[in-house]
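*Asks:* Listed below, chain by chain, are the residues.
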Amino acid sequence: MPHAPASRLREDATMIGDILDRPRDGRRFAEIKDELGATMNEYVAVYRDEEGLTKAHEIVHRLKEEAGKAYVDDHGSVFNQDVLGALEVGYLLDCAEATIVSAIDRKESRGAQFRLDYPDRLDEEWLKHINVTRGADGEPEISYSPVTITKWQPEVRKY
Amino acid sequence: MSEFTLRLRRYDPESGDAPYWEEHTIELEPHRSVLEGILQAKARFDGSIGIRCSCRAAICGSCGVRINGRPDLACHTHLDKAEKRSKDGVIEVEPMGNMPVIKDLIVDMEAVHWKKIRRVTPWLIAKQPVPKREYIVPRESMVDVTQSMACIQCGACVSDCLSMEVDPEFIGPAALAKAYRFVGDPRDDQHRERLQDLAEDPHGIYDCTHCFQCIDACPKGVAPMSQIMRLRRRAGNDFNIEDRNNGERHEAAFVSLIKRHGLLDEAELLARSYGGDTPLAKFKPSFVAEAVSSLPAVGRALLRRKMTPATVLKPHKLAKQDRAAVKRIYEDVEGSEQRAESNLYISGKDEDR
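Here the protein sequences line up with chains A and B, keeping their order. Those letters in the first sequence? Residues 1 to 159, per the working numbering, in order. Those letters in the second sequence? Residues 1 to 353, per the working numbering, in order.
Bound conformation, chain A alone (with noise of 0.2 Å):
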C-alpha cells in the first residue's frame, strides 16, 4: 500500500472540514449530481458534435463552481455518506470535463464516440492516445501519446 504523507492527510482533513461547514445557501451535492448525469446523457453519450459537446462543457463549468459552494445535511461523523458522495461528485466532474475536452479535440469517430460532425474514422492523425491532465491553473490540458499495436492490425470496424 502506498503511505500518504500526514501533509496530505491534514490538507484532505481540512477539505472535509470545509465541505461539513458550508453554510446552506449553495446547491445541494444532489442537484448537481443529477444534472451532470443529465447533461452527460444528452450531449456526451455515443452520438456526439462539437455544438453539444461545448454546451456540455458550459455547463460542467458551471457545475464545478456550484460544487465548490455546494452543501451536504450531514453533518455526523458516523457512516457519513453524504460527504463522500460530495468528493464523488468532485471526481465525476473531473471525469466529466477530461472525457468532453478530449472528445471535442477528437474529430472524427472512433468506437464509442460517433462525432456526428465527423462521422469517419481517421487513422492518419487520429491513431493515438488523448491524454488529459490538469494544468498548473487548474484548467486540463491535452497532450499524445502513440498507441502500441501489436498482433492486431488497426482497421475499420465494418459490420
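The reader is advised that the hints may include incorrect statements.
Every beta carbon over 10 Å from chain A, so not counted as near; a handful from chain B, in silico [said to hold, decoys possible]:
(1) Glu3
(2) Pro13
(3) Lys42
(4) Ser48
(5) Lys103
(6) Ile106
(7) Glu193
(8) Asn240
(9) Ser294
(10) Ala297
Which residues of chain B face chain A? A partial, calculated answer using Cβ under 10 Å [to be verified]:
(11) Met1
(12) Glu14
(13) Gly16
(14) Arg44
(15) Gly47
(16) Met99
(17) Ile102
(18) Asp322
(19) Arg323
Sample of chain A residues facing chain B (criterion: CB under 10 Å; computed from the structure) [said to hold, decoys possible]:
(20) Glu31
(21) His57
(22) Ile59
(23) Ser77
(24) Phe79
(25) Asn80
(26) Leu87
(27) Gly90
Since the hints were made in silico from the structure, they are not lab data. For glycine and all other residues, C-beta sits at the position ideal for the given N, C-alpha and C.
Given the coordinates of chain A, work out where chain B should sit on it, guided by the hints.
*Replies:* Frame of chain A; chain B shown alone:
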C-alpha cells in the same frame, strides 16, 4: 410515475436521541425498487439518510433491510409490491434485526454476521497431497453444494433468526449454510472434524428450532434451515456423532416415537433425549439427573397442558389406519437409496421469489 410514501426508521448515534420514524413521498415508476425510492429521498430531501448499497441488482448483498417487517434486499423489492404488502399504504423500512444498528438502516454486520461466518472456517481445507492440476469432482457433488453457494451474505436470515434472538451466540443460518458448503464438498479433508465441532458446540447445529424464518427470509433461495438439517443428517447418520448437547439423541427420539404413535409423546421424548432412544431411557441416571433439573420446565408443561398425567401414562396415538400411513412414509424414506435432501437445485422446485 406514481407516488409512494416511505416510512424510514432513522437513528443518529451522535444525537443522543432514540430512533424515530420519518416519512418521505417519492415519485417513481411502480416497478422500480424500494432502494431507488430510498436513494431518491436521500437525494431530494435529506442527504443524511444512511443505507448501504452497491450493485442494485441483488448480487452484492449490501442493502439488506426490513421492509414492512420482513427482511429482504431493498433493490430486490418492487415499490408497488411493497406498497401492497404494507399495513397502511406506507412502505415501512427499518434496519435488520439481531445486529446492532450503526446508523439509520445500516447495521453492524461485523459484530454478528462476519464473526459467525469466520467461526465455521469458511474455506476449503484441501485433501493432501494437493493434485498438480485441478481437482476433478463429480458433477452431482457440486450440485449438492450449489444451493449453499448461492448465498450473497446479505444477512436477511440472520436478521430474523428466532433462535439467535433467544441465544445471541447461536452460530446461525448464514454461517451454518456456509459450513455445509464445505461439509458437502468432496475436496475437503475435515468433514468429521467440522461436524463434530458444530454438533458439540451448544450454539451449533442442534440450536436451530426449525422455525423456517430463514428460508422465508432468504432472497436467493439458499434455504439455510435445510442446510442445517443436512449437517445434522451428516453428523448423526453418516458419522454417528453423539453430541453432549443430546441433539442427536433428541432427533432420534423424535423419529422413533412418531414412527410408533404417529404423534409426539412429550414425556417419553424428554426421557429418550437424555437417556438414549430406548424404552428404558427413563430409568437411566443421565435422564433422572436431567429430569430433576428440568422439573420447573415439566411443571410448566403440565400447567399449560402440553403434558397431562394421563398422557404421561398413556400417550395419545393416531388412529390405526393413520399410523399405517405414517409407517408407509417411513418405509418410503428409509427404503430409498438416495436420502431425501430437499435441495431446490436437485428437485427443480425452485420457489425463489
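*Asks:* State for each hint whether it applies.
*Replies:* Hint check:
In this structure Glu3 (chain B) is separated from chain A by more than 10 Å, as the shortest Cβ-Cβ distance comes to about 19 Å. Look at Pro13 (chain B): its CB is around 5 Å from the nearest CB on chain A, not clear of 10 Å, so calling it non-interface is violated. Its closest Cβ contact with chain A, about 7 Å, brings Lys42 (chain B) to no more than 10 Å, contrary to its assignment away from the interface. In this structure Ser48 (chain B) is not separated from chain A by more than 10 Å, as the shortest Cβ-Cβ distance comes to only about 4 Å.
Its beta-carbon lying about 5 Å from the closest one in chain A, Lys103 (chain B) breaks the requirement of being farther than 10 Å from that chain. Once the 10 Å rule is applied to beta carbons, Ile106 (chain B) is inconsistent with being away from chain A; the minimum gap is 6 Å. The claim that Glu193 (chain B) is not at the interface with chain A holds, since no C-beta of that chain comes within 10 Å of its own (minimum 36 Å). No beta-carbon of chain A is positioned within 10 Å of the beta-carbon of Asn240 (chain B); the least distance is around 49 Å.
With a least beta-carbon separation of about 45 Å from chain A, Ser294 (chain B) lies farther than 10 Å from that chain, consistent with its non-interface assignment. Annotated as non-interface, Ala297 (chain B) keeps its C-beta farther than 10 Å from every C-beta of chain A; the closest such distance is 43 Å. Checking Met1 (chain B) against chain A by beta carbon gives a least distance of about 16 Å; that is not within 10 Å, so the hint is violated. Among the interface hints, the one on Glu14 (chain B) holds; its C-beta lies about 5 Å from the nearest C-beta in chain A, closer than the 10 Å criterion.
The beta carbon of Gly16 (chain B) is not positioned within 10 Å of any beta carbon in chain A (closest approach about 12 Å), and the interface hint is therefore violated. Interface restraint check: Arg44 (chain B) against chain A, minimum CB-CB distance 7 Å, threshold 10 Å, status holds. For Gly47 (chain B), the suggested interface contact is upheld, since its CB lies about 4 Å from the closest CB of chain A, less than 10 Å. Look at Met99 (chain B): its Cβ only gets to about 14 Å from chain A, farther than 10 Å, so that hint breaks.
Look at Ile102 (chain B): its Cβ gets to within about 6 Å of chain A, closer than 10 Å, so that hint holds up. Annotation: interface hint on Asp322 (chain B) violated; nearest CB of chain A at approximately 57 Å, more than 10 Å. Contact between Arg323 (chain B) and chain A, as hinted, is not supported at the beta carbon level, the nearest pair being about 59 Å apart and thus beyond 10 Å. At a threshold of 10 Å, the smallest CB-CB gap from Glu31 (chain A) to chain B is about 8 Å, leaving the interface hint in force.
Evaluation of the His57 (chain A) hint against chain B yields a violated restraint, the C-beta minimum of about 25 Å exceeding 10 Å. Evaluation of the Ile59 (chain A) hint against chain B yields a violated restraint, the C-beta minimum of about 19 Å exceeding 10 Å. Annotation: interface hint on Ser77 (chain A) holds; nearest CB of chain B at approximately 7 Å, less than 10 Å. A least Cβ separation of about 5 Å between Phe79 (chain A) and chain B falls short of the 10 Å threshold, and the interface hint therefore holds.
The restraint placing Asn80 (chain A) at the interface with chain B holds, with a minimum CB-CB distance near 8 Å, inside the 10 Å limit. Annotation: interface hint on Leu87 (chain A) violated; nearest CB of chain B at approximately 13 Å, more than 10 Å. The interface hint given for Gly90 (chain A) is broken, as the beta carbon of that residue sits about 15 Å from the closest beta carbon of chain B, more than 10 Å.
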